[in-house]
Amino acid sequence: MCSLEKRGHVFILTLTGDGEHRLSPEVIAAVRSALARAKSESSVGGGRGFALVTTAEGRFFSNGFDLAWARAGGSPSEARVRLGSMVSLFIPLVSDLLSLPMPTIAAVTGHAAAAGFMLAITHDYVEMREDRGVLYMSELDIGMPFPPYFLAILRSKIANPKVLREIVLQGKKIGASEAARKGIIDRAHGSAAETVEAAVRRAEELAARNWNGEVYASIRRGGLPEICRAVGLSDETEEERQKLLSASKL
Amino acid sequence: MCTFEKRGRVYVLTLTGDGEHRLSPYVIADIRSALSLARSDSDASGRGRALVTAADGRFFSNGFDLAWAKAADSPAAIQERVVSMGNHFVHLIADLISLPMPTIAAVTGHAAAAGFMLAISHDYMEMRADRGFLYMSELELGMPIPPYFLALLKSKIPDPKVVRDMVLRSAKITADEAARKGIIDGAHGSAAETVAAAVRRAEDLAARNWNGGVYSSIRRGALPEICRAVGLPEDTEEDRRALLFTAAKL
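Those protein sequences? They're chains A and B, same order as listed. In terms of the working numbering, the first sequence opens at residue 256 and continues consecutively. In terms of the working numbering, the second sequence opens at residue 8 and continues consecutively.
Rather than coming from a laboratory, the hints here were simulated on the basis of the structure. Just so you know, these numbers come straight off a predicted model, no measurement behind them. Cβ coordinates follow ideal geometry from the N, Cα and C atoms, glycine included. Be aware that one or more of the hints could be misleading.
Said to hold, decoys possible - Under 10 Å between C-beta atoms, here's a sample of chain B residues computed to sit facing chain A:
1) A79
2) D102
3) P109
4) D130
5) V206
6) E210
7) W217
8) D246
9) R248
10) L250
11) A254
Using the sequences and the accompanying hints, generate a full structural model.
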């Protein structure tokens with residue numbers, strides 16, 4: 256479902272296989288497991304100077320929650336219970352990404368829809384292929400309300416209310432060039448391979464800054480208070496900040 | 008004071024007559040009545056509707072009916088009338104922000120102060136470019152701006168410098184300028200063209216056949232500051248589950 260490799264100081268998490276990389280409870284658990292491994296390996300490695308790239312094989316980055324698995328529950332009410340479980344299980348994954356003690360870059364190598372789109376933009380940077388694939392919040396078209404933390408992610412990462420409106424209140428499908436122009440992603444690239452290459456290059460540059468991972472995570476969380484609140488990440492205390500300060504080179 | 012008609016899937020609310028369409032408690036009540044009609048008429052199908060708000064004459068709306076307020080018996084009574092218009096208007100804004108369908112303002116003339124707030128509370132704004140401007144007159148009149156007005160401006164206008172110019176300089180903004188600055192969605196040659204464009208947009212959005220309850224839920228989730236400021240409670244987990252049951256095509 257997903258692999259984790261290490262190239263020097265860059266961890267590369269890949270959603271494997273040719274499918275839609277639907278975020279079932281299993282896939283969510285596998286991704287969290289990979290993130291936990293990256294975190295502990297970086298800690299063993301000194302806790303500074305690492306970065307993570309998340310990417311996917313095939314035509315899809317991720318098409319969101321596994322609705323087929325939800326429907327396989329047998330009844331409409333069981334389907335909704337299963338959907339609810341994925342909505343809940345995804346929260347700690349978002350939390351893990353927000354707390355990861357290293358810069359994170361999503362190499363969006365295909366379609367990213369709904370929770371798959373959320374997975375991508377929860378990263379610090381988003382590189383995306385422009386030759387195929389779109390970003391899309393499908394909820395309005397399917398008739399699903401948004402979990403509040405989805406909106407917290409979108410509102411924190413997309414500054415322009417008109418762009419936000421296009422995405423959530425029009426269900427617009429947005430390709431990489433448009434997404435880059437509108438500030439939804441950082442850069443668009445000609446192919447999947449170029450996207451991954453650019454993401455890894457950026458990761459290497461950021462890793463080379465040799466930043467203290469815990470400090471990086473602290474600052475990241477501080478800049479995204481709305482998402483933190485929505486996923487239950489408590490505010491950093493003065494004590495925690497003091498502890499980080501005492502480890503710094505003043 | 009206002010008419011309400013149904014053109015296929017589109018409701019058209021028009022502030023009638025050649026005057027300034029000042030928002031007295033009676034005009035506000037009339038508008039709320041029309042919105043209520045739209046809401047209950049759309050309830051039957053629950054999906055695929057949209058609302059256009061327009062106005063006759065040279066003004067969209069020039070704001071609260073200060074002349075009505077000043078006609079009161081005493082300074083205390085004048086204050087009371089001003090406060091009362093504010094209280095009624097908050098409910099009108101809440102109605103618009105929770106309306107279970109896309110909303111488009113056809114700004115067919117000047118829109119100032121509360122009149123501008125009425126327009127900007129819609130999801131989309133089309134405006135005539137041949138005459139009229141958007142204007143926050145409060146500073147020039149020596150009147151403070153209620154917090155929910157500011158929440159509307161900040162949530163809807165992308166650039167904080169534009170908001171500053173409107174509230175801290177009382178800048179008068181023409182449609183062309185407003186389109187360039189991302190305040191409105193389209194500028195058109197005449198009032199008739201503006202209404203036509205608004206109705207066309209309304210028809211396109213209505214044709215998407217979205218569930219109105221889901222649309223309203225997503226809109227409110229995307230505008231939490233406005234909801235808080237006008238006293239709209241947040242959707243609960245139960246509200247969302249109920250929508251999921253009735254609306255979602257899993």
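Hints, verified against the model:
1. Restraint check, B:A79 versus chain A: the minimum CB separation of about 38 Å is more than 10 Å; hint violated.
2. Taken as an interface hint, B:D102 does not check out: its beta carbon lies about 18 Å from the nearest beta carbon of chain A, beyond 10 Å.
3. Residue-level restraint check for B:P109 holds (minimum Cβ-Cβ distance to chain A is 7 Å; threshold 10 Å).
4. At about 6 Å, the closest approach between the beta carbon of B:D130 and any beta carbon in chain A falls short of 10 Å, and the interface hint on this residue holds.
5. Evaluation of the B:V206 hint against chain A yields a violated restraint, the C-beta minimum of about 17 Å exceeding 10 Å.
6. With a least beta-carbon distance of about 14 Å to chain A, the hint placing B:E210 at the interface is violated under the 10 Å criterion.
7. Residue-level restraint check for B:W217 holds (minimum Cβ-Cβ distance to chain A is 5 Å; threshold 10 Å).
8. Below 10 Å, beta-carbon pairs count as interface contacts, and B:D246 has one with chain A at about 8 Å; its hint therefore holds.
9. Nearest Cβ of chain A to the Cβ of B:R248: about 7 Å, under the 10 Å cut. The hint holds.
10. Here the hint on B:L250 is kept, as its CB sits about 5 Å from the closest CB of chain A, short of 10 Å.
11. Interface restraint check for B:A254: the shortest CB-CB distance to chain A comes to about 4 Å, inside 10 Å, so the restraint holds.
Of the numbered hints stated above, those contradicted by the structure are hints 1, 2, 5, 6, listed in ascending order.
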